[in-house]
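Chains as they are written, first to last, in the numbering used here: chain A, 7 to 680; chain B, 571 to 897.
The set of hints was computed from the structure by calculation and includes no laboratory data.
Predicted model, so just to flag it, every value in this text is computed and none were measured.
Here are the in silico distance ranges between beta carbons for each label pair:
1. B:PRO867 x A:LYS110: 56 to 64 Å
2. B:LYS605 x A:PHE608: 25 to 33 Å
3. B:GLN712 x A:ARG662: 33 to 41 Å
4. A:VAL66 x B:THR663: 48 to 56 Å
5. B:LEU623 x A:SER200: 20 to 28 Å
6. A:ARG662 x B:ALA722: 55 to 63 Å
7. B:ASN631 x A:LEU174: 27 to 35 Å
8. A:SER200 x B:ARG583: 52 to 60 Å
9. B:ILE892 x A:LEU565: 52 to 60 Å
Every beta carbon over 10 Å from chain B, so not counted as near; a handful from chain A, in silico:
10. ALA48
11. SER73
12. SER200
13. LYS204
14. GLY254
15. ASP348
16. ALA370
17. GLU388
18. ASN448
19. VAL519
20. LEU563
21. GLU614
22. ALA631
23. ALA645
24. PRO669
All C-beta atoms in this analysis are idealised placements derived from N, C-alpha and C, irrespective of residue type, glycine included.
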Amino acid sequence: MKPDQQVPRNALVWIILSLFTLVAPHAERIPVWVLAVYVFAAIWRIMVYQGRWSFPGRGVKACMIVSSFAGIYFSYGSLLGLEPTIALLLTAFALKLIELAQRKDGYVLLFLGYFICITEFRFSQDLPIVLYSLLNVMLVTTALVALHRPGEHQFNRKTIRLAAVMLLQAAPLMLVLFFLFPRIGPLWSVPIKSHTAKTGVSDFMKPGDISRLSKSDDVAFRVRFDGDIPNSADLYWRGLVLSNVEEGAWRSLRYFDIPAAERRPQPVETSGEPIKYRVIMEPTQQNWLYSLRYARSDSRGVMTGSDYALFSPGVVEDERQYAVQTWPDALLEKSLSVWRQDIELRLPESENPATLAFARDLRARAGSDIAFLDSVMDNFTEQPFAYSLNPPLLPQENPLDAFMFQTRTGFCEHYAAAFVVLMRAAGVPARVVAGYQGGEVNPVNGTVIVRQFDAHAWAEVWLEGQGWVRVDPTSAVSPDRIEWGLERALAAEGSFLRDSPLSLMHFRSIAWVNTLRLRYDALTYRWQSWVTGFDRDQQFELLNNVFNGISGRKFVLVLIGTWLLVLVPVAFSLLRRRESNRALPHDRYYLQFCERLAPLGFERKPGETAASFAGRVCRALPAMAAQVREITGLYTELAYAARPSPDDPTLLRLKRAVARFRPARVIRFDREPA
Amino acid sequence: MQGRQYGIRNRFRRRFREWVNRRIPPARSVTLDQKRIFIFPSTTGLFFALCLLVMLITAINYQNNMSYALTFLFSTLFIVGILHTYANLSGLTIRALRATPVFPGQQSEFSLQVERGGRREHFALHLKWPKSTASIVNLVEQDQVQVHLHMAVGNRGWFSPGRLLLESTYPLGLLRCWTWIDLDLCAMVYPQPLASLELPGLATDQPDGAVVPIAGSDDFHGFRDYRHGDSMRQIHWKGMAHGQGVQTKQYNAYASRSAWLDWEMFPGMGTERRLSHLCYWALDFEGRNEEYGLRLPGVAIEPGTGERHRDRVLQALALYGIERRPQ
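Construct the entire structure; sequences and hints are all you get.
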């Protein structure tokens, strides 16, 4: 092996270090045995370094590769999809370490490391993860630098300095590219996350689903309104419309449930100024998008369903940003189609007989649909219904009967479902809507933060002349929930986020913690809206604002201009250093002295000492001898002393002596008479 | 067609060499500046560019902004790397020191000195002549370092090693920065010694038969105190181990005759052959510690013996008929 192909020990240490920091953020989503492979690989490589073990043979390597493929297959049940692919990549990364013998192996390993940094962003682009990734990039770059320092047999902490400097110099160039590089759509479809849990509201709602969601304080989405923020009680974030009831569970209509003619929403007449806002959703792995009714969006990839809910054709795998306009008073569906009427009235006839009978009785007494609706709501208020995150379990047989007349304790999904059944039993078209209600206003930047515990279910009723009208039976049972949010509604029960005692939401009473939390959330919003959510529209807007329109020529000019702005000083700082030439002051004075002798034909030969040079000069120019000897003496004294300070008296004497030393003048003066 | 292509290629090569010669003329010491340094992505760099492309496609396909950002960061790291790789060579001075004279087919040792211009650390400087051994040096603690490269030499005369390649891929390995330096450094190549059965018409002075102590002979004579310059082989190590101070063993030989090795001894032969025979006999005399002189057309070296004398004789033989150093 050529000596320059060896891997110095310093590089080996950096490589192993970066190996472990790279795998760390993936640890939660890969099988434990992959981590074991990392430890095993590191031990093996260190043993090889110490000469106790040898590099693996070809058979052993093949065996390891095959068994890691098999391992991934058994752990995930498939080799396809994003997670198995990444697990394979990570395993290959560890195995490559074992056979790291030459520099070119190091390249493969470290470039793979760079790629692994990128894969991490498929799962999160949050600020802490990004900062951590930057650290990883720095470590990998350091390992790359260390790989090119032959003969470093000691771990050298300082190697990181050059890597950091280079990355810092590259960063401004990267920013320019980041904002200028044209954003185009995907070139082809790519493996999606197959093993990541779906989050948020699902399209299938059983009693207990929403209450389970309400135990988490994760952010569902953030909203920024263009104008004033509407009242919290009006913030009903529609996500899904659940029209089908089957076996006690509500689900939304799937694409093929709907006849082709009904798939497009009926046109809606809008009037007046809409409420405008932008939503940034956290990834859910599901299709629906949240908005206030009635919502329209011009953003790319946002569509409106026949139930006026917004959805995305592809699942929301990453943070998703979209702009919405809402007309809250618009009339939705002036007339119901026969099919729609049928769907929104369908009810399993044999279940919950007591509830059905109760509804029909109430309707008969009410006289009109509106009066009936009021009396149902009154019933929720008057009877001892309770709002609870942990309601008693309902029986399998006729659960609604048990809820309506015995337990009378439930969470929003119980009330919404019961209400819709009562309506449908009496012949009033109704459906359940699932989404979020309310949200926390962040005073720092005026965004509304909607969290999982804001998940909510309510009802929509179709009334002649009014179209679909929102009715929230929970408001009859627990007005606090709508007005103040879940925490206040559950104050008596004390069940708010009981399972996550460390949640920052518990420390809102401590002012500085709360300020910090809200500031961080504002930073997250800014990060999401300007960096991770930066898209074609924003790019267009930015370029228009800053550069007053875009053209190919301008693009190139800006790119070159900004790059030169950074690269020229960098080049200057790198190449200037050799000019400084480490000349110490006394060296400089002495060189000046030599320069003044040069025109008279005295040049110090290479290897000639100051003393012998002085001797030569003195013999030829006796008139200058005293001065030459003085200067040489002072210089020799300084040259052998420790690094003199700038105000050293000897140094000052040398400086003055050299300043006085004018051989050319004196010699000419001497010669003239002759 | 083949031949013509070859011709074109050759012509192109010659043109390139001429261009490089104009750009980097030969000198005893060369300081590297932008005129002399070339830089281009290395094979690793091209591979990395391919990796960048894969990363960019990943970023595009997943519409992932942070992936874009990292891909761009790596790309610009590549750009910044140009300056750093360049700076690793810039400001270095390469000084030709010496080349050991050798016989044809032997390895000459070429010594160079690499000096840095500033305080900047230089790593992984890879030095090599086209056919020599390679050497890798760092300039970290010290300001200069000596490099010794070995190369098999050609025929008698001055052997020029060609252009020295100095290259480095430090710090990232993505870029290769190199320069071809024509150092004014040649190795002297002695004639190939060629035995002849006897020395025809040996011109001897009077053999005097006096016993003279000559270093390197066979018969042990006695000890004397070590003098600077005595051969290490003749130091009386045993005595030294017994604490008797450093002494040198002396050997005697009978200086039988002193001979003139003459150009005219080998009539009718070609120049090289004559020189080869003369070389053989010079070494033979030297080995036997007999005095010998050399007479070539225009050159006469008085008889003598010893290393310096031998070097003078060999140099005269090596450079006979050669005007000056090749450029």
